[in-house]
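Q: Here is what each chain is made of, one letter per residue.
There are 2 protein chains.
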Amino acid sequence: MINEQLLNPQSIVVVGGSDDVQKPGGKVLKNLIDGDFKGELFVANPKLDEVQGIKSFKDPKDLPNVDLAILAIAAKFCPSTIKFLAEERNTRAFIILSAGFSEENEEGAKLEQEIVDTVNSVGGSLIGPNCVGVLNSNYNGVFTTPIPSLDPKGCDFISGSGATAVFIMESGVPKGLSFSSVYSVGNSAQMGVEEILKYLDESFDPETSSKVKLLYVENIDKPEMLLKHASSLIRKGCKIAAVKSGSSEAGSRAASSHTGALASSDVAVDALFKKAGIVRCSGREELATVASIFMHPELEGKNIAVITHAGGPAVMLTDALSNNGLDVPHIEGPKADALLEKLYPGSSVSNPIDFLATGTAQQLGDIIDACDKDFDNIDAMAVIFGSPGLFPVYDVYDLLHEKMKECKKPIYPILPSVINVKDEIEHFLAKGRINFPDEVVFGNALAKVFNTPKPQPEEIEMPDVDVAGIRKIVDEAENGYLSPEQIHALLDAAGIARAKEGVADTEEEVVALAKEIGFPLVMKVVGPVHKSDVGGVTLNVKDEETVRSEFKRMMQIKDTYAVMLAQMLSGTEVFIGSKREEKFGHMVLCGLGGIFIEVLKDVKASLAPISTEEAHEMIQGLNSYGIIKGVRGQEPVNEDRFAEAVTRVAALMKIAPEIFEMDLNPLLGNKDAVTAVDARIRIEKE
Amino acid sequence: MINEQLLNPQSIVVVGGSDDVQKPGGKVLKNLIDGDFKGELFVANPKLDEVQGIKSFKDPKDLPNVDLAILAIAAKFCPSTIKFLAEERNTRAFIILSAGFSEENEEGAKLEQEIVDTVNSVGGSLIGPNCVGVLNSNYNGVFTTPIPSLDPKGCDFISGSGATAVFIMESGVPKGLSFSSVYSVGNSAQMGVEEILKYLDESFDPETSSKVKLLYVENIDKPEMLLKHASSLIRKGCKIAAVKSGSSEAGSRAASSHTGALASSDVAVDALFKKAGIVRCSGREELATVASIFMHPELEGKNIAVITHAGGPAVMLTDALSNNGLDVPHIEGPKADALLEKLYPGSSVSNPIDFLATGTAQQLGDIIDACDKDFDNIDAMAVIFGSPGLFPVYDVYDLLHEKMKECKKPIYPILPSVINVKDEIEHFLAKGRINFPDEVVFGNALAKVFNTPKPQPEEIEMPDVDVAGIRKIVDEAENGYLSPEQIHALLDAAGIARAKEGVADTEEEVVALAKEIGFPLVMKVVGPVHKSDVGGVTLNVKDEETVRSEFKRMMQIKDTYAVMLAQMLSGTEVFIGSKREEKFGHMVLCGLGGIFIEVLKDVKASLAPISTEEAHEMIQGLNSYGIIKGVRGQEPVNEDRFAEAVTRVAALMKIAPEIFEMDLNPLLGNKDAVTAVDARIRIEKE
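Protein sequences appear in the order of chains A and B. 1 is the number of the first residue of the first sequence in the UniProt record's numbering; add one for each residue after it. 1 is the number of the first residue of the second sequence in the UniProt record's numbering; add one for each residue after it.
Derived by calculation from the structure, the hints in this document are not laboratory data. Predicted model, so just to flag it, every value in this text is computed and none were measured. Hints are not guaranteed to be accurate.
Identical copies look the same in the list; a pair holds intra-copy or inter-copy alike.
Said to hold, decoys possible - When the alpha-carbon atoms are kept at most 30 Å apart in a straight line, the in silico DSSO-like pairs for lysine-lysine are as follows: (1) K531 <-> K542; (2) K222 <-> K685; (3) K47 <-> K30; (4) K405 <-> K500; (5) K342 <-> K110; (6) K175 <-> K654; (7) K76 <-> K175; (8) K342 <-> K76; (9) K236 <-> K405; (10) K342 <-> K531; (11) K153 <-> K422; (12) K342 <-> K23; (13) K342 <-> K302; (14) K403 <-> K23; (15) K409 <-> K500; (16) K175 <-> K422; (17) K422 <-> K23.
The whole structure should be built from the sequences, with the hints applied where relevant.
A: The structure is reproduced here in structure tokens:
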């Protein structure tokens, strides 16, 4: 558990602190000193009385009580030091920078467990081992650089990899990205990314807490915890972006060689992030760009004004936005004409708003004001302003800064001239602003943010199903595939429509059954192996009379001892499947059947439980959705019934998690109903 | 035409040169002086005798003969100055920086035409107007910064937008990208991007010319010229990357407001680039990254070794490569074991090769040597090496530089610590090396380069078609849709299989026709409007006897005066279409029919003519290709016949460019044949 001693220690000891700033123990001490740590600072070093001007204790036993210990000593010395500090010096927070624990071998894993037990026994916090440390506005407890600019409203950043945390900061810092806190969790012995996120959720204060969280994770150990707290934070107004690496099969091999843990299936990760409302990024550059977007006011609509003094980047940005579902709408009317009057001849306000290479700061101000106040079809502005290197542009960037303070609508600054007006950009960033140096990288990231769905509600209303009925069938079932009777009973208990069928061996029974199933129906002999060959299958039976005559005829066929009746269905083949994913629970997939699954792999996935709304989003997200809506005069699939079936399958999985795999393939969907005609269900009790 | 005076002038006059380096005339002069121009340099300025230490002529009439004039004076003064210099001072090359020409209004367009006429009359070169200038190793004829490092083996860069050229250099320069020449074509009055590329092709010298060309274009005026010379250059061993902006509808609006020209349809652009072998990029960052990849030896295969001292970036890079069709193959065996021996405990060589945060330059050298010499399943190496900021890494980057000189396989340096080891990276770049700061941006770009097909051959062998027959039909046709008879004749002349059909009104004729068409066939009455309602359609007629009896029956039906016979076909619906695109010629599209076109928009396009190989590439690139191959026991479509039909449609378009649109929808494809059953052809003679 995170505690006050970790977040805001009154005293810190660097165990293994030295004068060599090329070593972690020396560098973390230097960072603490450079960061002007306000509390008491000590060093434990067996050889020195003073290190970098700080009092050092040769024997840790001489140390006073201390809140936080940062350890940079060999792994084998850590357990005893921690035990002493925890039990004798009231130390309640530990950051272990050292490697040589569970990531290395069995022996290291034992040392690690010993430490966790000690820290837990006193209710302490442990970060690491094998990490770069912790950084917040109270202290620079990392052994790495750069130390980004710290701001309570900057990003809270949690990383499962220390080096990657450094490289992500190196991507973000030049753009002006600021941080509120950085946690490198290393081996996550006591606390991993999930636990820290949980803490950030539970301690969230709408007034003082940062609203932007960034995650770098290589494996998700506690998906349920991540989902719960990520979506909770987002519901409280936060924004979360994450890189989950190891998305490819080869990438997973890399991840597992790196962390000693198996990577989770990537589809489940995608489904989890989508459900939580997390913006999934594929790399550092994208994460830093999305984080930079998060630091601006929220984009409330999809209409962007592209404001520029140079055509090319405006065209490329317009392409990036338009090709990803955002709009650069046409601007016209008297207010547009009035704006055009204020610009030099040759300018255009139709959007992109191009005020030419000769455009002034004053004109940019007029454009921004018009976009903010006059143009109702504009939700945000992207301002592109670089320089060919002729004269300084401080006036333009100063104006931009002022307008960003005043305007209601978000303004995104795209300042491409990172060489020609380097000083002006630095001056702009020094005011706490952020630059997006590449318009296409920005445009793609903005679309990604806008297109990420809101988190699903915390409480998902489950469809009405027969819980007791489901539990009885599953409790009595053995591992393996269920029988047709069990499947029918389970589908009926879950309220999933299935093709009605039954078997009868007397004329009265067969007529009663036919009435129950309804017409038209199919009749098949029971007994003979090759039913069609012996004339034992009759399709499209439409009335009682035919049922009687066909029954009599069929019972004469050799080996026939009964007749099966089944509903005769027509419609489009659709598909619903579910699979249990280690730790993640059940993924539910849906799509069209047949070639759409096999060739086009056109499916959408989510994690159970699934709300009606989410089921519709899944269906509407299919590439083949047009077929479900009905195309070329073909009958549509009843989307409400299809969505309901998805929610019912998801509910079934929550009630019967012993189901390992389930396929409804196909269901036949028409304008009235979506009915399962074939199903496979496999039970795997753990 | 580009001439020697433009490329390597012995003397230059800056008309409008001044002491104000915040103005183009002053700045271009400063750049020429700073670039240490070796020839004679003059200024024409009505007020001064000396400008920036350079002799200035108040009256241009006093100027000596001069090779190249760079003009930075008001548009209206340009024509007379150019006329004088061209006719009286033997000036044969002109660069007009000034704006106020065709991009502004009709009057400007006239001035521009006047200048072009003058320059053409003396066989001179003209760049601009409305451009930032020209830059090569002989002179810095641009008014902008940055001036990139110039190297005969650097990129030749041609830009349709001056500001964008500047911003693209600002993206590339920090990565270490060098340039051989930069041409900003402005309004392209005499020479546009296409003409310059033509020159680079025609003057290409395998020994001395740069092998990398970069283009930024907003509209393609001469697609055929671009295709011809781009593919020719690539066949000579060059690599070309281009941004063609205006790919979205909204982007096209932006482009046309910027350049006064309509953007070409984007599908045609894609098809053109693919055919030429140009790597299409969507923005500056991507263009600079692809260009940086081009500056390395060519990647010969898809197997990449990811070498790293930090796990995270290696996992992200592995994801980016694997998700885009490249491989990070497993490395194992005795040589891998021997390499592992040389690394610190905990390292991994299975690929990614992780030699840990503590890994040394020596170890990196061992790894690179093993990848180059020992591991046959490796085609290239990506080396990720950053720094947490503890100590310098000059030794590592020096070693990397040396290994890059020695190794046969390409080595891509990914140096993420742009802050922590800024000096070391600059030191590395100063040796002429390039850095890829973000591994995912690099990985995506590498895959894009690798996945771009080679250019199509210059001479495409056309299928054997009846040219005279085609010409006769088209010459005789009027604008509008062709009649069924004309369509049949045209398809037959082009050798495109179609469903056989015919009409007969006597029993003997109908029998002869039936034998010609072959069984099974369909018979339909000719005369009655609602053929089915009167019993006038018979499917699946299998023998002569039925033909006779059905003919007799049908001729009795009211209003019937003849009977139509048609081949009865079965198979999968496929589609081939063609459309004439202004300037580009004809695009030919193919795909599966029905919902695959309408809902999934799963088509591939190319420009006519199309080779058999390219037609197969189109078909194999379809998402639904699995269906053509045959799936779930369904009959496949004969891919050879499908491809042949594509090449025949393309050939038809080359022979009859008057065809504006043509749809074969559907063709029915089975294992034996692909046969058109419905066709629409529209003629639009210009």
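Q: Next, verify each hint and record whether it holds.
A: Now the hints, each set against the structure:
Within a single copy, K531 and K542 get their C-alpha atoms as close as 20 Å, and across copies as close as 28 Å, so both meet the 30 Å cut-off. Taking CA atoms no more than 30 Å apart as the test, K222 paired with K685 passes inside one copy only; the shortest distance there is 21 Å, against 68 Å between copies. Within a single copy, K47 and K30 get their C-alpha atoms as close as 18 Å, which meets the 30 Å cut-off; across copies the closest is 61 Å, which misses it. For the homomeric pair K405 and K500, neither the shortest alpha-carbon distance inside one copy (66 Å) nor that between copies (74 Å) is at most 30 Å.
Proximity of K342 and K110 under a CA criterion of 30 Å is satisfied inter-copy only: 27 Å between copies versus 73 Å inside one chain copy. Proximity of K175 to K654 under the C-alpha cut-off of 30 Å is found in neither arrangement, the shortest distances being 45 Å within a copy and 52 Å between copies. Taking the shortest alpha-carbon separations for K76 and K175, neither the intra-copy value of 41 Å nor the inter-copy value of 43 Å comes in at or below 30 Å. Taking the shortest Cα distances, K342 and K76 sit within 30 Å of each other only across copies (25 Å), while inside one copy they are farther apart (73 Å).
Taking the closest pair of Cα atoms, K236 and K405 come within 30 Å of each other only inside a single copy of the chain (24 Å); across copies the shortest separation is 55 Å, beyond that limit. In this assembly of identical chains, the alpha carbons of K342 and K531 never lie at most 30 Å apart, being 84 Å within a copy and 69 Å across copies at closest. For the homomeric pair K153 and K422, the shortest alpha-carbon distances inside one copy (25 Å) and between copies (28 Å) are both at most 30 Å. Proximity of K342 and K23 under a CA criterion of 30 Å is satisfied inter-copy only: 23 Å between copies versus 60 Å inside one chain copy.
For the homomeric pair K342 and K302, the shortest alpha-carbon distance inside one copy (27 Å) is at most 30 Å, but the shortest distance between copies (55 Å) is not. Taking identical chains as interchangeable, the C-alpha atoms of K403 and K23 lie at most 30 Å apart only when they sit on different chains, with a minimum of 28 Å there against 46 Å within one chain. When the C-alpha separation of K409 and K500 is checked against a cutoff of 30 Å, the pair qualifies neither within a copy, at 57 Å, nor between copies, at 65 Å. For a Cα distance limit of 30 Å, the shortest separation of K175 from K422 qualifies both inside one copy, at 12 Å, and across copies, at 16 Å.
When the C-alpha separation of K422 and K23 is checked against a cutoff of 30 Å, the pair qualifies only between copies, where the shortest distance is 20 Å, while the shortest distance within a copy is 33 Å.
When each numbered hint is compared with the structure, violations occur for hints 4, 6, 7, 10 and 15.
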